[in-house]
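Here the structure of chain X is known, so what remains is to put chain C in place on it, guided by the hints.
Sequence order for the protein chains is X and C.
Residues 1 to 291 in the numbering used here are what the first sequence spells out, letter by letter.
Residues 1 to 297 in the numbering used here are what the second sequence spells out, letter by letter.
These are calculated hints, taken from the structure and not from any lab test.
Incorrect hints may appear among the rest.
[Unchecked claim] EDC-like mimics (lysine to aspartate or glutamate), calculated; alpha carbons at most 20 Å apart, straight line:
hint, chain 1, residue 1, chain 2, residue 2
1, C, K67, X, D126
2, C, K67, X, D139
3, C, K284, C, E124
4, C, K67, X, E134
5, C, K67, X, D120
6, C, K67, X, E140
7, X, K229, X, E208
8, X, K233, X, D199
[Claimed, not checked] Quick partial rundown of chain C residues pointing at chain X, CB under 8 Å, derived from the structure:
hint, residue
9, T152
10, E153
11, Q154
12, A157
13, D159
14, V160
15, L161
16, G162
17, A163
18, H164
[Claimed, not checked] Far from chain X, some chain C residues (derived; all Cβ distances over 10 Å):
hint, residue
19, R33
20, P72
21, M133
22, A144
23, F190
24, L278
Just so you know, even glycine gets a beta-carbon here, dropped at the ideal spot from N, CA and C.
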Amino acid sequence: MSTAPRPPLGSAASAVPDSPASPAPEPRAIVELDRIGMEFRHHQVLRDVTIRVPKRQTLCVIGESGCGKTVLLKLMIGLLRPTRGSVRFDGHDLNRLDSFELNQVRLRFGFLFQMAALFDSLSIYDNVAFGLREHALFDEARIRRIVHDRLREVGLPPGIEAKKPAELSGGQRKRVGLARALALDPEVMLYDEPTTGLDPIMSDVINELILQTQRTKHTTGIVVTHDMKTVRKVADRVVMLYPLPRLRPDEPQILYDGPPDGLEDHPDPRVRQFVRGEAGERLSELTQGRG
Amino acid sequence: MDATASASPSETEGGRPTPPSAPRAPVEDSPVRRLGEQFFNAVAEVGDLAVFSALTLMWLIRRRPRKATLVPNFYLIGVKSMPVVAVTGMFIGMVLAVQTHGQFKLMGMETRLGSVINISLVKELGPVLAATMLAGRVGSAMAAELGTMRVTEQIDALDVLGAHPIAYLSGPRLLACVLLIPLLTLMADFMGIIGGAVVSIQMLGVDSYHYWAHSRDYVGGLDIAAGVVKSYFFGGAIALIGCHRGFNCSAGAEGVGKAATEAFVVSFVAILFLDFCLGLLWNKVELAIWPDSGTLI
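Same shape as in the complex, but just chain X (with noise of 0.2 Å):
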């Protein structure tokens, strides 16, 4: 994996002013967002984020919980508008876009949600199979080669098929999304905390099928976790997000763009402690009502 520095691509590139400025130039950004605020009934929860993505980049994007990360996600894929800013993909503002265009983008998107969401009523071959389906790309037995195909390659045997989802260990469950947000060739993979309640084992299975996704398949990456261990083995570039109620109106939300070697020895403090997983102040200041 490089972990070689990379220009910021971020708004808050003042924010990170150790990072070397690069002659090189900037990489087409497959997924970008710009000025991006998003509320949700009067409550902010976003204000002001710009990224930009370039394409076969795997972006980790950090933060405690609440600061927006999988808000930040459901905006790339269109599943959220935001409420100022916009978002690009491949050049094309979603914004803009009717329900077909916006599905046609989406088929060019693999997701793989915190718990899987697998279809409670469905089979894992239809789950996995659903996609090719609904679009009506391919007939059965060249579906049903792909189904195959996406459930050994996470490592799923042939006999689970059949089964209903709620069959499945946490783990299985991930894969099988996995195997499903695959199935359709994305190039970008979104990730909502794909190690969250998962044991260290398949939390690291789960981490070495993200990086052979992005080495077999070279699709771009972004993965919203708050799980260092999965920073540091996929991460090319980190974004950590900082809650709004926390920051002042004049702070920028992204504390950190760069590289993920870069988190350790940052110099702001909040990046320090998110990074070393040490509560600090925090429990007075949630005791004492200000969390």
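Structure of chain C alone, referenced to chain X:
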């Protein structure tokens, strides 16, 4: 990282404490304000349901549901509801016979029991009670199922995989309810007529010839049609309200439970409201076409 960005939010600027965010103006919390908010929310909810209904109809026209999604819904809504609707219908007929027999006997009109029971059943009680049973069984189940799908991100997954959730989930359920609830209503009517006849003739000793003769004289095809036409609207309301509540379910087990309860309560009120409106409309149409027509009750 510059000095501003690296400062912790609890730090001070120029010696003065800096609030974490701009303070909002205090909002007066009065009963009038709360009432206004509730009214506004109710209007918004009705508007949202109208938009959801329009989208469901639009998707039904644009994309016919697949057999694989239709058949399970037809089975769950139609076949699985038959026993409960049949039993409900039969008991309604039996209870009507028991409750009305005493009054009619006092007037020496017990042979007319059949007409009263049967017209009550086919015009009002059959459709309304069959729909109420289905609102409890099917509407709540839809809200709970779709609500669970919402909170476990399965609805988002449908979107991501390019299947429009309203087309995939709401369309087949609406179609199954609208097409099958009229049939279930007819079955409730039939079972009620049988139940009423059995109690009246076998238990209460009403003469069977006159019982059926009066039934035939006072209950016509139009009366049966009135109940069946209403049931189409009831079916549509149950499906749309159940799906809408499910799609807008709030997070957690409490949210799913609330969605299921709301689906039943709102469906029940909608059934009664529609019954009243359609009853008025039907009477006006009937009188406009047949000015001399009258009803027994």
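How the hints compare with the structure:
In summary, the hint linking K67/C to D126/X is supported, as the alpha carbons are separated by about 15 Å, within the 20 Å threshold. Of the supplied pair hints, the one linking K67/C and D139/X holds, its CA atoms being roughly 17 Å apart against a limit of 20 Å. For a cut-off of 20 Å, the pair hint linking K284/C to E124/C stands: about 17 Å separates their Cα positions. A C-alpha spacing of about 13 Å is found between K67/C and E134/X, which places the hinted pair at or below 20 Å, so the restraint holds.
Between K67/C and D120/X, the direct Cα distance comes to roughly 19 Å. Compliance with the 20 Å bound is thereby established for this hinted pair. For the given pair, K67/C sits about 16 Å from E140/X by alpha-carbon distance, which is consistent with the 20 Å threshold. At roughly 11 Å between alpha-carbon atoms, K229/X and E208/X fall within 20 Å of each other, so this suggested pair holds. Distance hint between K233/X and D199/X is fulfilled; the C-alpha atoms sit about 16 Å from each other, no more than 20 Å.
With 8 Å as the threshold, the beta carbon of T152/C comes within range of chain X, its nearest partner Cβ sitting at about 6 Å, so the hint holds. Given hint, E153/C at the interface with chain X, holds; its Cβ is 4 Å from that chain's nearest Cβ, closer than 8 Å. For Q154/C, the suggested interface contact is upheld, since its CB lies about 5 Å from the closest CB of chain X, less than 8 Å. With a least beta-carbon distance of about 4 Å to chain X, the hint placing A157/C at the interface is held under the 8 Å criterion.
A cut of 8 Å between beta carbons decides the hint on D159/C: the least distance to chain X is about 6 Å, and the hint holds. At its closest, the beta carbon of V160/C sits 4 Å from a beta carbon of chain X; the interface hint therefore holds under the 8 Å criterion. For L161/C, the interface hint holds, the least distance from its beta-carbon to any beta-carbon of chain X being 4 Å, beneath 8 Å. Below 8 Å, beta-carbon pairs count as interface contacts, and G162/C has one with chain X at about 5 Å; its hint therefore holds.
A least Cβ separation of about 5 Å between A163/C and chain X falls short of the 8 Å threshold, and the interface hint therefore holds. Checking H164/C against chain X by beta carbon gives a least distance of about 7 Å; that is within 8 Å, so the hint holds. In this structure R33/C is separated from chain X by more than 10 Å, as the shortest Cβ-Cβ distance comes to about 15 Å. The Cβ of P72/C does not lie farther than 10 Å from every Cβ of chain X; its closest approach is about 7 Å, which violates its non-interface assignment.
Every Cβ of chain X is farther than 10 Å from the Cβ of M133/C; the closest lies at roughly 24 Å, confirming the non-interface assignment. Distance check for A144/C against chain X: the nearest CB is about 12 Å away, which clears 10 Å, and the non-interface claim stands. Every C-beta of chain X lies more than 10 Å from that of F190/C, the closest at about 32 Å, which supports listing it as non-interface. L278/C, annotated as away from the interface, keeps every beta carbon of chain X farther than 10 Å; the closest lies near 34 Å.
Of the numbered hints given earlier, the model fails hint 20 alone.
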